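Protein chains: 2
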Amino acid sequence: MSLQIGFGSRVRKSPFHEAVVRRGATHMTVYNHMLMPSSFGDPEEEYRALVERVSLWDVAAERQVEIVGPDAAALCQYVSARDLGGMKVGRVRYAPMCNHEGVLINDPMALKLGEDRWWLSIADSDVLLWCKAVAAERDFDCMIFEPDVSPLGVQGPKADDTIADLLGEWVRDLPFFAFVEVEHEGIPFVLCRSGWSGQGGYELFLQDGSKGVDLWEAVWAVGEKYGIHPGGPTLNERIESDLFSYRADCGADASPLEVGLGRFLSLDRDDLFIGKSALLSEERRGPARRLVKALLPGERFSATSESPWPAVGPDGQWCGEVRVAVWSPKHESNLCLALVSTEVAGGAFVTETPAGEKLQALHLGYFAE
Amino acid sequence: MSLQIGFGSRVRKSPFHEAVVRRGATHMTVYNHMLMPSSFGDPEEEYRALVERVSLWDVAAERQVEIVGPDAAALCQYVSARDLGGMKVGRVRYAPMCNHEGVLINDPMALKLGEDRWWLSIADSDVLLWCKAVAAERDFDCMIFEPDVSPLGVQGPKADDTIADLLGEWVRDLPFFAFVEVEHEGIPFVLCRSGWSGQGGYELFLQDGSKGVDLWEAVWAVGEKYGIHPGGPTLNERIESDLFSYRADCGADASPLEVGLGRFLSLDRDDLFIGKSALLSEERRGPARRLVKALLPGERFSATSESPWPAVGPDGQWCGEVRVAVWSPKHESNLCLALVSTEVAGGAFVTETPAGEKLQALHLGYFAE
Numbered sequence: 001m002s003l004q005i006g007f008g009s010r011v012r013k014s015p016f017h018e019a020v021v022r023r024g025a026t027h028m029t030v031y032n033h034m035l036m037p038s039s040f041g042d043p044e045e046e047y048r049a050l051v052e053r054v055s056l057w058d059v060a061a062e063r064q065v066e067i068v069g070p071d072a073a074a075l076c077q078y079v080s081a082r083d084l085g086g087m088k089v090g091r092v093r094y095a096p097m098c099n100h101e102g103v104l105i106n107d108p109m110a111l112k113l114g115e116d117r118w119w120l121s122i123a124d125s126d127v128l129l130w131c132k133a134v135a136a137e138r139d140f141d142c143m144i145f146e147p148d149v150s151p152l153g154v155q156g157p158k159a160d161d162t163i164a165d166l167l168g169e170w171v172r173d174l175p176f177f178a179f180v181e182v183e184h185e186g187i188p189f190v191l192c193r194s195g196w197s198g199q200g201g202y203e204l205f206l207q208d209g210s211k212g213v214d215l216w217e218a219v220w221a222v223g224e225k226y227g228i229h230p231g232g233p234t235l236n237e238r239i240e241s242d243l244f245s246y247r248a249d250c251g252a253d254a255s256p257l258e259v260g261l262g263r264f265l266s267l268d269r270d271d272l273f274i275g276k277s278a279l280l281s282e283e284r285r286g287p288a289r290r291l292v293k294a295l296l297p298g299e300r301f302s303a304t305s306e307s308p309w310p311a312v313g314p315d316g317q318w319c320g321e322v323r324v325a326v327w328s329p330k331h332e333s334n335l336c337l338a339l340v341s342t343e344v345a346g347g348a349f350v351t352e353t354p355a356g357e358k359l360q361a362l363h364l365g366y367f368a369e
Numbered sequence: 001m002s003l004q005i006g007f008g009s010r011v012r013k014s015p016f017h018e019a020v021v022r023r024g025a026t027h028m029t030v031y032n033h034m035l036m037p038s039s040f041g042d043p044e045e046e047y048r049a050l051v052e053r054v055s056l057w058d059v060a061a062e063r064q065v066e067i068v069g070p071d072a073a074a075l076c077q078y079v080s081a082r083d084l085g086g087m088k089v090g091r092v093r094y095a096p097m098c099n100h101e102g103v104l105i106n107d108p109m110a111l112k113l114g115e116d117r118w119w120l121s122i123a124d125s126d127v128l129l130w131c132k133a134v135a136a137e138r139d140f141d142c143m144i145f146e147p148d149v150s151p152l153g154v155q156g157p158k159a160d161d162t163i164a165d166l167l168g169e170w171v172r173d174l175p176f177f178a179f180v181e182v183e184h185e186g187i188p189f190v191l192c193r194s195g196w197s198g199q200g201g202y203e204l205f206l207q208d209g210s211k212g213v214d215l216w217e218a219v220w221a222v223g224e225k226y227g228i229h230p231g232g233p234t235l236n237e238r239i240e241s242d243l244f245s246y247r248a249d250c251g252a253d254a255s256p257l258e259v260g261l262g263r264f265l266s267l268d269r270d271d272l273f274i275g276k277s278a279l280l281s282e283e284r285r286g287p288a289r290r291l292v293k294a295l296l297p298g299e300r301f302s303a304t305s306e307s308p309w310p311a312v313g314p315d316g317q318w319c320g321e322v323r324v325a326v327w328s329p330k331h332e333s334n335l336c337l338a339l340v341s342t343e344v345a346g347g348a349f350v351t352e353t354p355a356g357e358k359l360q361a362l363h364l365g366y367f368a369e
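These protein sequence lines map, in sequence, to chains A and B. Take the first sequence: its letter number 230 is residue 230 in my numbering, and every next letter is one higher. Take the second sequence: its letter number 139 is residue 139 in my numbering, and every next letter is one higher.
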């Protein structure tokens with residue numbers, strides 16, 4: 001189906017917007033009230049560039065929630081289901097957030113910029129509202145706002161070479177989930193070894209929205225000799241690499257234990273955090289559903305297959321949904337993520353495509369385990 | 001600019017999606033994490049159908065936050081900057097919501113379904129998160145969730161005839177901002193005299209998402225003899241009719257006093273509500289900016305003009321932004337909403353279009369006053 005995206009001032013443009021349009025973006029989505037390019041018209045080439053060369057992504061829509069003040073660390077601890085204690089300045093931790101019922105509401109990266117200054121680098125929900133409500137009602141002494149900070153992703157095996165050419169050989173020594181503040185030709189940004197692919201690379205958190213095109217072009221220029229290509233979060237690669245997508249993979253009512261994020265929780269913490277008792281109860285009784293990876297036979301699915309699709313268990317009853325399904329070059333098969341009942345998870349199920357084709361799923365594993 | 005919208009399971013489809021695609025939707029936007037059609041390819045005909053005949057809108061993306069329980073009314077009161085006291089069951093009140101700093105975070109309609117059961121029918125932000133955080137941290141005794149409820153808009157001078165043909169002559173007596181629960185051929189919905197146009201009509205809050213296409217087709221069938229046309233919130237008509245669009249008209253950091261919603265606030269209430277002291281202070285000192293309506297000369301703007309555009313005051317200094325700009329059939333001129341400094345508001349300013357054309361704005365009035 002081909003439908004144009006409506007432009008308007010309700011949905012923001014990213015600082016990199018002009019550059020991605022010029023580089024031939026064909027598809028956009030909306031993420032955190034901001035346009036985000038999702039394709040440049042050739043998903044196969046986008047995948048190849050990411051796994052073989054280097055890919056440049058406008059992920060400005062991964063907005064930051066900045067928390068500053070004496071209680072900033074305490075607030076971050078309280079809203080995160082993962083313990084953020086003991087982190088050094090300049091380090092990052094992946095920190096799922098739940099509501100008081102233990103339902104996942106976002107899965108940000110938490111960046112510790114100072115003892116009393118943090119960024120939550122968020123998936124697609126209004127964490128700003130959540131944190132402001134909690135802080136105000138609980139009398140945390142901190143300011144919470146969305147800063148002018150927009151990540152640019154540089155991902156792929158040639159990402160290190162690209163960024164070393166841009167900034168110097170020292171960048172190769174930056175550990176995973178560590179960051180430094182840098183300035184390059186008057187463009188201020190935080191260089192972080194992170195990114196939403198399994199291919200390695202960096203995110204450049206631009207700190208001046210007026211310089212988005214400059215930063216894009218500076219990276220592009222050094223990346224050309226490595227075959228840089230415009231791209232974005234890549235559905236098949238990120239599933240192959242066990243990277244979770246909040247909402248896409250689970251809708252809006254899943255628990256982190258259902259979707260394979262259990263190892264990123266710190267349920268044995270002594271301190272109180274939102275969702276603690278609900279998560280502990282769920283852990284005791286076991287989650288009702290599980291997110292599984294499965295192979296699906298038949299013709300290659302496109303990168304834009306429209307999901308979710310219903311899933312039916314061996315007893316012929318509805319047991320959940322195939323949330324996302326796409327051709328996987330790595331597995332040379334169609335690959336899907338399905339959120340299904342715990343009884344069915346691990347075994348066989350059948351899904352029905354929008355065209356009415358019934359496909360038998362072959363269990364590959366529990367997501368992210 | 002023509003870019004396709006990316007489909008995926010992160011962004012939900014409305015229950016009416018199939019029907020609007022079949023009726024020729026050409027443009028979609030994303031609102032509350034749901035696809036919403038914004039055009040069917042002929043904005044002029046969409047405007048005419050709305051102001052002369054009857055227009056059918058998939059506004060399912062105007063999601064509901066349902067609040068049920070002993071403290072439901074108290075929570076609604078606390079999160080609303082407008083007094084909801086004294087409302088009867090079956091009535092609606094437009095109720096702007098602010099954060100603790102007095103910044104607008106949404107402008108829902110509040111529907112009182114029972115003494116302890118409410119819907120907040122929301123604009124584009126995660127009010128569900130906001131209300132859940134406030135309720136949990138403040139120990140309000142209520143459940144808060146997003147119900148399976150999706151509004152279908154029937155707007156225009158022939159909306160009454162259309163819905164009377166569907167349900168009976170009694171619907172003509174339903175007062176403005178009043179509603180009743182009805183069932184038509186097995187389709188349950190709340191019929192409400194409301195809608196985001198100045199042309200009158202209804203919103204049908206479908207209460208069973210599996211029956212979206214049935215409801216759409218039922219209304220379409222009776223509307224055909226009145227010239228029913230598919231449409232959606234209509235930029236020029238809603239500005240002509242002084243209907244506010246959260247985020248589009250103001251970004252994410254405006255106060256309700258700046259954007260002309262002062263008469264929908266109840267700042268003299270005795271009880272505490274979120275944002276009260278900040279709003280009272282702002283009222284005393286006067287808002288720093290104002291939302292104004294102005295005419296702009298020159299060639300007709302299209303319904304898809306990309307904004308915002310910078311605004312410059314008589315002193316040659318930046319004074320704010322033209323947030324939205326579009327051709328107005330009513331004024332036979334280009335019409336815009338601009339959020340400008342209070343010093344400039346009411347007088348002349350100049351804006352620059354993306355094509356670099358400088359246009360002198362002619363003040364028409366303060367928005368919604």
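Be aware that one or more of the hints could be misleading.
No copy is singled out in the list; a pair is fine if it fits within one copy or between any two copies.
Dumping the calculated SDA-like pairs for lysine to any residue here, alpha-carbon to alpha-carbon at most 20 angstroms [unchecked claim]:
1) K13 with P354
2) K13 with L3
3) K13 with E306
4) K13 with T353
5) K276 with A73
6) K13 with N32
7) K13 with P310
8) K13 with G114
9) K358 with D165
None of these hints come from the bench; they were simulated from the model. Just so you know, these numbers come straight off a predicted model, no measurement behind them.
Hint by hint, here is what the structure shows:
no.	hint	in the structure
1	K13 with P354	between (32 angstroms within a copy, 14 angstroms between copies)
2	K13 with L3	both (19 angstroms within a copy, 13 angstroms between copies)
3	K13 with E306	between (25 angstroms within a copy, 10 angstroms between copies)
4	K13 with T353	between (34 angstroms within a copy, 16 angstroms between copies)
5	K276 with A73	within (18 angstroms within a copy, 28 angstroms between copies)
6	K13 with N32	both (11 angstroms within a copy, 17 angstroms between copies)
7	K13 with P310	between (34 angstroms within a copy, 15 angstroms between copies)
8	K13 with G114	neither (29 angstroms within a copy, 41 angstroms between copies)
9	K358 with D165	neither (50 angstroms within a copy, 42 angstroms between copies)
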